[in-house]
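Trainee: Here's the letter readout for the chains.
Protein chains: 2
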Amino acid sequence: MKIREVLEHYNDYLDQQMVLEGWIKTSRDSKNFGFIQLTDGSGFDGIQVVYEGDIENFKEISKYPLYSSIRVEGNLVESPGAKQPIEIHATKIEPLHLAEADYPLQKKRHTFEYLRTKAHLRPRTNTFQAVFRVRSLIAFAIHEFFQQRNFVYVHTPIITASDAEGAGEMFQVTTFDLNNVPKKDGSIDFEEDFFGKHANLTVSGQLQAEAYALAFRDVYTFGPTFRAENSNTQRHAAEFWMIEPEMAFADLNVNMDVAEDMLKYIINYVFEHAPRELEFFNSFIDKGLIDRLKNVVESDFVRITYTEAIDILEKCDREFKYPVSWGIDLQTEHERYITEEVYKKPVFITDYPKEIKAFYMRENEDKKTVAAMDLLVPGIGEIIGGSQREERLDVLEAKMKDLGLTGDNYEWYLDLRRYGSVVHSGYGLGFERAVMYITGMKNIRDVIPFPRTVGNAEF
Amino acid sequence: MKIREVLEHYNDYLDQQMVLEGWIKTSRDSKNFGFIQLTDGSGFDGIQVVYEGDIENFKEISKYPLYSSIRVEGNLVESPGAKQPIEIHATKIEPLHLAEADYPLQKKRHTFEYLRTKAHLRPRTNTFQAVFRVRSLIAFAIHEFFQQRNFVYVHTPIITASDAEGAGEMFQVTTFDLNNVPKKDGSIDFEEDFFGKHANLTVSGQLQAEAYALAFRDVYTFGPTFRAENSNTQRHAAEFWMIEPEMAFADLNVNMDVAEDMLKYIINYVFEHAPRELEFFNSFIDKGLIDRLKNVVESDFVRITYTEAIDILEKCDREFKYPVSWGIDLQTEHERYITEEVYKKPVFITDYPKEIKAFYMRENEDKKTVAAMDLLVPGIGEIIGGSQREERLDVLEAKMKDLGLTGDNYEWYLDLRRYGSVVHSGYGLGFERAVMYITGMKNIRDVIPFPRTVGNAEF
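Heads up: the sequence lines are chains A and B, in that order.
Under our numbering, think of the first position of the first sequence as 1, with each following residue one higher.
Under our numbering, think of the first position of the second sequence as 1, with each following residue one higher.
Warning: the hint list may mix true and false statements.
Since the list can't tell identical chains apart, any single copy or any two copies may satisfy a pair.
What the hints assert, rightly or not - Derived SDA-like pairs: lysine to any residue, alpha-carbon spacing no greater than 20 Å straight-line:
#1 Lys344 x Lys367
#2 Lys197 x Glu458
#3 Lys63 x Gly407
#4 Lys368 x Gly385
#5 Lys59 x Gln37
#6 Lys315 x Lys367
#7 Lys2 x Asn126
#8 Lys357 x Pro65
#9 Lys2 x Asp251
#10 Lys59 x His110
#11 Lys31 x Lys118
#12 Lys2 x Val254
#13 Lys2 x Asp261
#14 Lys287 x Glu365
#15 Lys183 x Leu7
#16 Lys25 x Asp415
#17 Lys197 x Phe176
#18 Lys2 x Gln147
#19 Lys287 x Asn268
#20 Lys118 x Gly196
If you're looking for bench data, these hints aren't it; they were derived computationally from the structure.
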């Protein structure tokens, strides 16, 4: 029997004999009684097991080391006045495996830094039980949101021969013997490599998702992406997951509608499926969390243009570290001022100067801006970035030529504008950023099971 | 309005005026009438648009090239006796974008080989519309199955410094300048590489999933895995997706129960959500498909030991290419004989000789076999492989030592047996193999949007 099931439906099991298996989370005893907090990982809460002096092996049980695995037979009874309404009166407790005494997560506060060195054990702690269950729920909520709306989930490739998506430094993928890289006419002979060409890890599935949107109308990707950036910050990892919906016959307004609905859907899903975890985060990780999330689901998101945003920033009496003028890339301080202080709720900023945005974004009639949108949320700043895509062959081709994006590798992308081109839009959500936002965790290393960063690929 | 919505609830929209956007799938006309099969990718079926001689631009419309995108205003009316019960009587048809005349998927049969060279366009064809929508549905069904059972979805790492998972050749991941790989004392100085060590693409998330099962009880992975094998077959790709559930307090029988329930769940889900696609596969791709899938969901899967399977194979009057004796690795011909001819339904084979199975599988009391299981299904052979894991520290440590799997990289895996070790089990399902099985498609390149194989990383 799983402990989650017992706790969720305890009325059905009251006064019944049951067998539970789990791990000892805490243990204490007095002369005639012992108490074990038993967890089996099936839910955030364990269950209290009480055993009396006359149980077999009373003395041994109280000495079982933390996180030993045990098998408990007992009766489910009410426990009025206690934290939980029920507890198990054990009639038999057997060890399955006694943990060695040097178990690294003894009962005391450990820093997150220390726990990162024990990434294989940290999901056993309250914080990481909560983080990684919520991570799983958010992932599922995203799938459910899109599937209910009939979006097709596309697995865009992880290994790619394209290296100009422009989103950042890439990792190379090779089967070369690095001691002996084949050369031809003085340069590396990639024809000898596994794929017959230079291959990298993807930084985005968007371009391929566009091809699928022009066949299925509404699609989304959800997969790992990579950046080989040598930046050691709280918000950067070399390997992280992204969600990239892409929609045909959809302009920037539809794009924002979907992004807003999605974010609200995810948060509501977590409220419904992980209330205990959210309470935990709100108490121990980030005091204002629940209010902030409630504010998001209850708000109509604001929509302003970049030009309006610049106007607000120029006219306000705040001193910014980065000076404001039309054309700059908004910094986190600007974004947070607008979402936290001006509007106090999520804000879409649209129609950015084309110079600071990607080549595939649709140029507006003013020829100065593109139909881009960023979603800013209080407490974090940008969480989603998207755009309407340039669907006009001539405009796109000219832009790509300017950037040197020519040749066979790009013809397929242009084909999408040659044969039945349509207005289409999409956005990207960094999955870990969403997990951090909803859990209140501050370091990306603490929301990825086994994080990969500069100098770190342990486990 | 999306065409799928119109078709699903056409009674609600009869005799109403509507606007549809989509692509011209087929087009024909007579003197006074024209017919367009309009698709928007929202579902397998398009809708028939009828326009009459008095419509604006009658002559131009009939000449719009295939896969031009158009906007149709019209009335939804009944069409008795036709294939579909309804059609659109158009009052206005406007071009959004006229496809160039050299559209590579003109209306004729194209080979799958040709379509692979047009991977960005092939999802527009009937076959690949069906394949990739079903692929998406299977992915979601898998998530739903595990989430309903409270499994935690774990993103195990894609980049790994471990290279001894033993499942196959690995790709290296590096940011080295391959023209100038840093050396130290004559060998490659991986300390200079991005992760400070030699890094590869994962071949399996199982070991890391085990760490999470020992915290959450029931977990699963669903992510890409990689093999750098130089094998150019219909069933091998360099990049593919795997599902790997892992369960604590679960022996081999529980493992088989979950695998059986999962496979039936997926198939039922596809029957429910993609009946038109299954009919299509059954008519055009694989004639016996629907019967075979029905047989799977209606069967109780057989469970026999390897020793029993060998006995059956030795006693039967079939001549096999690979001779049978206790200790051999079963070949596809053996597997298919057992599942297709002896039992005519899915068969679990358990308790294989330890020499032919992986080091982490639990050794049985006979010391000759391990608690492994393979699921064989008619029409394909092995589809799932799993095992109970060796939870005894001393047995596992001895095995790993024999294989040279020692040192810091493996201590964390042994820790799982040092601190609260429990009986646990899991299995792996190759996602593409499942998609091939359920669609009847024969080549793995035709069930992956942009396949990666030896010499091929296009798009």
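Trainee: Now, for every hint given, state plainly whether the structure supports it.
Mentor: Outcome of the hint check:
no.: 1; hint: Lys344 x Lys367; in the structure: neither (32 Å within a copy, 66 Å between copies)
no.: 2; hint: Lys197 x Glu458; in the structure: between (29 Å within a copy, 10 Å between copies)
no.: 3; hint: Lys63 x Gly407; in the structure: neither (71 Å within a copy, 31 Å between copies)
no.: 4; hint: Lys368 x Gly385; in the structure: within (19 Å within a copy, 57 Å between copies)
no.: 5; hint: Lys59 x Gln37; in the structure: within (17 Å within a copy, 79 Å between copies)
no.: 6; hint: Lys315 x Lys367; in the structure: neither (25 Å within a copy, 79 Å between copies)
no.: 7; hint: Lys2 x Asn126; in the structure: within (18 Å within a copy, 46 Å between copies)
no.: 8; hint: Lys357 x Pro65; in the structure: neither (57 Å within a copy, 34 Å between copies)
no.: 9; hint: Lys2 x Asp251; in the structure: between (48 Å within a copy, 15 Å between copies)
no.: 10; hint: Lys59 x His110; in the structure: neither (29 Å within a copy, 76 Å between copies)
no.: 11; hint: Lys31 x Lys118; in the structure: neither (35 Å within a copy, 77 Å between copies)
no.: 12; hint: Lys2 x Val254; in the structure: between (44 Å within a copy, 14 Å between copies)
no.: 13; hint: Lys2 x Asp261; in the structure: between (34 Å within a copy, 19 Å between copies)
no.: 14; hint: Lys287 x Glu365; in the structure: neither (45 Å within a copy, 54 Å between copies)
no.: 15; hint: Lys183 x Leu7; in the structure: neither (65 Å within a copy, 59 Å between copies)
no.: 16; hint: Lys25 x Asp415; in the structure: between (59 Å within a copy, 17 Å between copies)
no.: 17; hint: Lys197 x Phe176; in the structure: both (12 Å within a copy, 16 Å between copies)
no.: 18; hint: Lys2 x Gln147; in the structure: between (30 Å within a copy, 15 Å between copies)
no.: 19; hint: Lys287 x Asn268; in the structure: within (19 Å within a copy, 45 Å between copies)
no.: 20; hint: Lys118 x Gly196; in the structure: between (40 Å within a copy, 19 Å between copies)
When each numbered hint is compared with the structure, violations occur for hints 1, 3, 6, 8, 10, 11, 14, 15.
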